[in-house]
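Take the sequences, apply the hints, and build the full model.
Sequence lines, in order, name chains A and B. For the working numbering, add 4 to where a residue sits in the first sequence, where the first one is 1. For the working numbering, add 190 to where a residue sits in the second sequence, where the first one is 1.
Everything labelled a hint here was simulated from the structure, so no lab data went into it. All C-beta atoms, glycine included, are put in the ideal place defined by N, C-alpha and C. Hints may be right or wrong, so weigh each one.
Stated by the list, open to error - 30 angstroms max Cα-Cα, derived DSSO-like pairs, lysine-lysine: (1) A/LYS46 - A/LYS60; (2) A/LYS115 - A/LYS46; (3) A/LYS75 - B/LYS269; (4) A/LYS75 - A/LYS60; (5) A/LYS46 - B/LYS269; (6) A/LYS115 - A/LYS60.
Unchecked claim - Label-pair restraints from in silico Cβ distances: (7) A/GLN62 - B/SER210: 28 to 38 angstroms; (8) A/VAL74 - B/GLY231: 21 to 31 angstroms; (9) A/MET58 - B/PRO208: 21 to 31 angstroms; (10) B/ASP261 - A/GLN62: 12 to 22 angstroms; (11) A/ASP59 - B/PRO204: 48 to 58 angstroms; (12) B/PRO204 - A/THR14: 44 to 54 angstroms; (13) A/MET58 - B/PRO295: 23 to 33 angstroms; (14) A/LYS46 - B/SER219: 18 to 28 angstroms; (15) A/HIS76 - B/ASP261: 33 to 43 angstroms; (16) A/ARG61 - B/GLY206: 42 to 52 angstroms; (17) A/ASN22 - B/ASN253: 37 to 47 angstroms; (18) A/LYS46 - B/PRO259: 34 to 44 angstroms; (19) B/THR200 - A/MET58: 38 to 48 angstroms.
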Amino acid sequence: GESVGLHLPTLSVQEGDNSIINCAYSNSASDYFIWYKQESGKGPQFIIDIRSNMDKRQGQRVTVLLNKTVKHLSLQIAATQPGDSAVYFCAENNNAGNMLTFGGGTRLMVKP
Amino acid sequence: SQTIHQWPATLVQPVGSPLSLECTVEGTSNPNLYWYRQAAGRGLQLLFYSVGIGQISSEVPQNLSASRPQDRQFILSSKKLLLSDSGFYLCAWSWHPQETQYFGPGTRLLVL
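Here you go:
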């Protein structure tokens, strides 16, 4: 993707605060979205997904919000913990080709 | 449940040497398989994907190749490694090209 060569943006939060990680998508036809968490030296792990017929979906300490009007996706992490420190990727099914398209990622750093 | 394996976990190879990275999936049949490369601090770059045995699609022209000799086996190869081939190589699988991808633990390759 186009963002592959760019350094990851970083979000630094205090332990216990809430984190909000944002992702913009380009195709209004996209109907499925996923958030992944990648810890250092490991493969990305599925966190939560949402389909376009929903605006919000909650998991354990995580909430994904989808705003189709402005084509924006966000991941909210409540009471951020040191173990949440990782790179977070969004992915969308934009019906271009046959596969998911991944965003460039955001590095979350949790300060103790 | 499904599991995905990659080996080796780490590999140090001289420039010009061949490469073979292996990925296997357990617990599912006819998965869609993917190879990604991730440079340090960067996003995911899709290299190859496969929808079935012997079916390989290349996303980025380079000196790497992929093969799928068995339903649940995906191999990434090179005849002569370049310095620029260094990176973190991730294999992933999905039931459908437009659905969630599940990643393996990755192989860290250092070409010297």
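Here's how the hints hold up against the structure:
Between A/LYS46 and A/LYS60, the direct Cα distance comes to roughly 28 angstroms. Compliance with the 30 angstroms bound is thereby established for this hinted pair. In summary, the hint linking A/LYS115 to A/LYS46 is supported, as the alpha carbons are separated by about 21 angstroms, within the 30 angstroms threshold. Between the alpha carbons of A/LYS75 and B/LYS269 the distance comes to roughly 43 angstroms, so the proposed pair goes past 30 angstroms and is violated. With a CA separation close to 14 angstroms, the supplied pair A/LYS75 and A/LYS60 stays within the 30 angstroms bound.
For the proposed pair A/LYS46 and B/LYS269, the alpha carbon gap of about 26 angstroms is at most 30 angstroms, so the pair holds. For a cut-off of 30 angstroms, the pair hint linking A/LYS115 to A/LYS60 stands: about 28 angstroms separates their Cα positions. The hinted window of 28 to 38 angstroms between A/GLN62 and B/SER210 is violated, with their beta carbons roughly 43 angstroms apart. Range check, A/VAL74 to B/GLY231: Cβ separation about 28 angstroms, and the 21 to 31 angstroms hint holds.
The given range of 21 to 31 angstroms is broken by A/MET58 and B/PRO208, whose C-beta atoms sit roughly 48 angstroms from each other. A C-beta distance of roughly 37 angstroms is found between B/ASP261 and A/GLN62, which places it outside the suggested range of 12 to 22 angstroms. A/ASP59 and B/PRO204 have their C-beta atoms about 53 angstroms apart, which keeps the hinted 48 to 58 angstroms range intact. Take B/PRO204 and A/THR14: their Cβ atoms lie about 34 angstroms apart, and the range 44 to 54 angstroms is violated.
Checking the proposed 23 to 33 angstroms range against A/MET58 and B/PRO295 shows it holds: the Cβ atoms sit about 31 angstroms from each other. The beta-carbon spacing between A/LYS46 and B/SER219, approximately 26 angstroms, falls within the hinted interval of 18 to 28 angstroms. One distance hint, 33 to 43 angstroms for the beta-carbon pair A/HIS76 and B/ASP261, holds here, with the actual separation near 39 angstroms. Taking the beta carbon of each, A/ARG61 and B/GLY206 are about 49 angstroms apart, inside 42 to 52 angstroms as hinted.
Our hint of 37 to 47 angstroms for A/ASN22 and B/ASN253 holds, since their Cβ atoms are close to 45 angstroms apart. Here the CB-CB span from A/LYS46 to B/PRO259 is close to 27 angstroms, at odds with the stated 34 to 44 angstroms. Against the hinted window of 38 to 48 angstroms, the Cβ-Cβ separation of B/THR200 and A/MET58 comes to about 41 angstroms, which satisfies the hint.
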